[in-house]
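Asker: Listed below, chain by chain, are the residues.
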Amino acid sequence: MASTWTRQHILSLADWTAAEYESLLQTASSFREVLSRRTKKVPALQGQVVTNLFFEPSTRTRSSFELAAKRLSADVLNFAPGSSSLTKGETILDTAKTYLAMGTDIFVIRHQQAGVCHAIADEMDRLQSGVSILNAGDGQHEHPSQALLDLFTLCCLLDDENPRLELLQGKKIAIVGDILHSRVARSNIWSLTAAGADVHLVGPPTLLPQLFAGLANSSHRGQLFLHWKLEPAIQDADFVMTLRLQRERMTNHLLPSLREYHLRYGITRERLKLCQPFVKVLHPGPVNRGVEISSDLMDDPVVSLISQQVTSGVAVRMALLYLIGTLKAEV
Amino acid sequence: MASTWTRQHILSLADWTAAEYESLLQTASSFREVLSRRTKKVPALQGQVVTNLFFEPSTRTRSSFELAAKRLSADVLNFAPGSSSLTKGETILDTAKTYLAMGTDIFVIRHQQAGVCHAIADEMDRLQSGVSILNAGDGQHEHPSQALLDLFTLCCLLDDENPRLELLQGKKIAIVGDILHSRVARSNIWSLTAAGADVHLVGPPTLLPQLFAGLANSSHRGQLFLHWKLEPAIQDADFVMTLRLQRERMTNHLLPSLREYHLRYGITRERLKLCQPFVKVLHPGPVNRGVEISSDLMDDPVVSLISQQVTSGVAVRMALLYLIGTLKAEV
Amino acid sequence: MASTWTRQHILSLADWTAAEYESLLQTASSFREVLSRRTKKVPALQGQVVTNLFFEPSTRTRSSFELAAKRLSADVLNFAPGSSSLTKGETILDTAKTYLAMGTDIFVIRHQQAGVCHAIADEMDRLQSGVSILNAGDGQHEHPSQALLDLFTLCCLLDDENPRLELLQGKKIAIVGDILHSRVARSNIWSLTAAGADVHLVGPPTLLPQLFAGLANSSHRGQLFLHWKLEPAIQDADFVMTLRLQRERMTNHLLPSLREYHLRYGITRERLKLCQPFVKVLHPGPVNRGVEISSDLMDDPVVSLISQQVTSGVAVRMALLYLIGTLKAEV
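Residue numbers (my numbering), protein chains in the order written: chain U, 98 to 428; chain Z, 98 to 428; chain S, 98 to 428.
Be a bit skeptical, because a hint or two may be false.
[What the hints assert, rightly or not] Computed cross-link-like contacts, DSS-like style, restricted to lysine-lysine with a CA-CA straight-line distance of at most 25 Å:
hint: 1; chain 1: U; residue 1: LYS138; chain 2: S; residue 2: LYS167
hint: 2; chain 1: Z; residue 1: LYS326; chain 2: U; residue 2: LYS138
hint: 3; chain 1: S; residue 1: LYS138; chain 2: U; residue 2: LYS167
hint: 4; chain 1: Z; residue 1: LYS138; chain 2: S; residue 2: LYS167
hint: 5; chain 1: Z; residue 1: LYS167; chain 2: S; residue 2: LYS326
hint: 6; chain 1: U; residue 1: LYS167; chain 2: Z; residue 2: LYS268
hint: 7; chain 1: U; residue 1: LYS138; chain 2: S; residue 2: LYS138
hint: 8; chain 1: U; residue 1: LYS370; chain 2: U; residue 2: LYS326
Just so you know, the hints here were simulated from the structure itself, not pulled from any lab data.
In this text, all values refer to a predicted model and were calculated from it rather than measured experimentally.
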């Protein structure tokens with residue numbers, strides 16, 4: 098399975114090749130099959146240690162990685178920020194080095210600052226440790242596993258048996274909301290345009306600066322478009338991805354009110370009539386019901402892919418841990 | 098083992114049948130035997146995921162369920178309220194649905210509000226998810242696993258080899274203390290009267306309103322009695338169950354002082370002379386020593402069943418998880 | 098492996114015999130070999146329950162014990178102080194007895210008060226429970242597993258194949274810093290002088306009272322020396338162990354400032370020139386970089402043993418859990 102994999106750290110999707118995306122999709126697909134069995138475990142990472150270093154609180158992402166690691170039979174250590182050495186003045190790099198010395202094989206790291214994962218990966222490489230770093234969200238920078246589970250969800254929807262990149266070629270995908278602060282949007286821009294989809298970003302000007310137009314990777318087949326009004330962005334869209342709105346943006350005067358946001362950018366059944374007939378809606382969660390998306394739409398299993406995204410998350414994270422975990426074994 | 102089990106959710110004991118109690122007692126008894134072996138694990142729930150959603154802090158109950166699940170070889174996810182998506186505005190139902198989508202098979206749920214477990218169970222059924230909900234304490238409503246471990250403890254005491262419901266027929270059991278706020282008392286009223294025991298509730302009038310007289314299930318053989326004075330309640334009792342006194346009741350003016358409570362309702366060696374010669378004392382824990390019960394009595398292994406209750410808890414929770422977990426497999 | 102082991106609790110190193118140290122070193126050495134394999138697990142404690150009762154927050158020590166227990170295939174329960182029954186008024190002994198009744202085989206306990214581990218061990222013995230207590234740090238009293246991992250680290254450095262006590266005979270070891278408040282220093286004094294090393298304590302007079310001179314065990318071959326100036330303490334030293342400086346000491350007026358502390362007692366490359374040519378530096382972590390030790394020195398793999406200490410920690414804790422865990426089986 099995917100014996101050609103060579104990437105050690107999963108930090109960003111900016112430079113992923115089409116072959117890497119295909120390996121990931123294939124591997125996740127085979128794990129999805131494992132998850133449908135009665136006994137959902139494989140011994141692939143038995144005896145290996147996966148350490149979750151979550152400096153920023155998170156429930157769903159940490160649980161998803163923890164379950165993925167356990168189903169690969171790895172041992173899991175959870176670093177709890179509240180009761181940590183950090184309150185005792187230790188640096189983040191020293192915390193990581195301590196867990197390295199205990200025997201960690203893979204670090205899953207979330208931090209409120211962009212670049213922390215890169216810094217830890219650099220240090221681990223400098224020490225020739227051989228361990229892998231998996232970015233589970235660093236500041237406003239990237240959240241690769243979220244974008245990969247979105248990709249997997251979409252490809253499976255288009256061909257359940259054989260999810261692959263080309264299925265998204267020429268599709269129109271709108272990403273709606275607070276683009277500026279979203280690591281989910283940044284990672285999705287890379288993966289979706291790599292698959293050949295056209296990505297239409299839309300949000301209020303305070304949350305979608307013009308500079309995003311420059312993000313596109315010119316070697317990608319898909320193109321990037323910016324909108325400040327919702328309608329042209331979702332017109333004829335195949336998929337609409339709404340982003341979580343952080344309530345604290347309001348106190349920073351970047352948004353007038355939740356109600357006004359919903360009126361202008363909220364996804365409703367009425368608005369989806371602009372899209373393709375079989376349009377589907379995605380959201381990385383957790384959702385503010387009635388803000389990013391109307392409550393009835395969120396619960397409509399025909400339109401909403403939210404549950405599938407969460408389910409895909411376990412298979413995709415198993416695939417990522419498997420690919421980088423068995424890479425180490427081969428070295 | 099108990100192949101006739103059909104109940105999917107454990108929310109309340111109000112409508113449990115005698116046959117269900119007997120299945121539970123038998124299954125717990127066989128797991129108690131497993132726990133006496135050197136290797137205390139069975140593979141019954143291998144690959145299944147038990148998710149503890151504890152919205153209210155708890156140590157002993159969560160640990161007991163966690164250990165029970167691990168000994169059945171399940172994978173356990175713990176939802177930590179402090180670092181959760183709830184602080185991000187997600188609804189409780191959406192949190193549960195997220196863990197469902199990750200692959201949860203059984204939810205163990207504690208919440209400070211009565212009815213939350215029912216609401217989640219209804220939603221899970223509506224989604225035809227097939228998962229089970231186990232109420233680990235919802236507000237002042239019910240705490241079924243606590244009442245079942247009390248029942249198991251008492252039946253084992255009366256016949257260690259063959260614990261069964263009829264052993265409690267005609268016994269007098271006093272439940273002492275803050276009945277009003279106690280989910281433990283409510284669940285015990287159902288199970289003990291179903292077993293044919295007479296249950297005598299006693300506490301200060303502010304904590305034992307008259308309306309409790311109406312709680313009795315008329316089809317149960319055991320009867321329910323209310324007392325505001327301790328003596329008639331424990332006179333000739335076979336068992337005395339004291340309830341934990343929440344210190345915050347005092348600030349609400351429902352109680353004058355801990356000292357006065359102990360003087361009027363505290364269980365002491367002297368007072369137990371009113372009871373049957375071999376009377377035993379139970380307490381769900383954690384105990385306020387010298388308040389609900391005198392400290393020396395609590396530590397007297399001849400009188401106190403407190404440790405046996407905790408030990409029974411693991412076997413009873415293994416039995417509950419096993420019964421609902423293997424039910425799913427057969428469906 | 099080490100079938101002559103008879104000690105049930107690991108509370109203090111004050112009365113350890115040479116034979117016990119040798120058993121520990123040998124057992125840890127064999128587990129270090131296990132940890133170098135691809136599958137790093139052994140089934141030694143399968144079905145046993147190791148409960149971490151950490152009343153004081155800790156990341157590294159708890160994770161190290163948790164990983165050690167998992168690699169011996171034990172089930173691990175973690176007691177979280179924040180969400181605990183302690184806030185509900187339960188005594189520490191009652192908390193321990195609750196976890197005993199659930200089926201705990203080994204308790205790993207950290208508490209801010211000296212003597213708590215002894216008190217729990219006494220109670221467990223009184224109850225003839227057969228369980229073991231492992232002190233993971235009690236107030237300013239002892240931290241045996243830390244001193245044993247320091248010992249193992251030093252002995253392995255001197256003979257990687259066959260780490261044994263006599264290797265430290267006649268070595269000079271300086272322990273620098275806040276001796277008064279350090280449980281690490283106290284435990285190390287016992288183990289290092291038992292090995293025949295001479296231990297030179299050094300720190301400011303407020304943090305190193307004269308009474309420490311009386312700590313030495315006269316039957317030990319190594320001797321204890323006190324210094325208030327750094328230079329004579331580290332002159333010709335083979336090893337320098339710096340202790341963590343608690344920042345809260347400053348607010349208590351025991352220390353003028355971090356900067357002044359570093360100027361007088363900080364370990365720097367310049368100062369190490371006073372020591373033996375191949376001197377090594379130890380620190381129990383977490384480190385305040387630039388306070389106890391200069392930042393460049395800490396990262397110098399030729400001089401610093403800090404990573405090896407952490408790695409040794411897992412093997413030494415596996416050895417301790419194994420020795421007391423299999424003892425129980427044989428009883």
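Asker: Run every hint past the structure and note whether it holds.
Answerer: Checked hints:
1. LYS138(U) - LYS167(S): holds (18 Å)
2. LYS326(Z) - LYS138(U): violated (57 Å)
3. LYS138(S) - LYS167(U): At roughly 15 Å apart (the allowed maximum being 25 Å), LYS167(U) and LYS138(S) satisfy the hint.
4. LYS138(Z) - LYS167(S): At roughly 15 Å apart (the allowed maximum being 25 Å), LYS167(S) and LYS138(Z) satisfy the hint.
5. LYS167(Z) - LYS326(S): violated (54 Å)
6. LYS167(U) - LYS268(Z): violated (48 Å)
7. LYS138(U) - LYS138(S): holds (17 Å)
8. LYS370(U) - LYS326(U): Cα-Cα ~16 Å, so holds.
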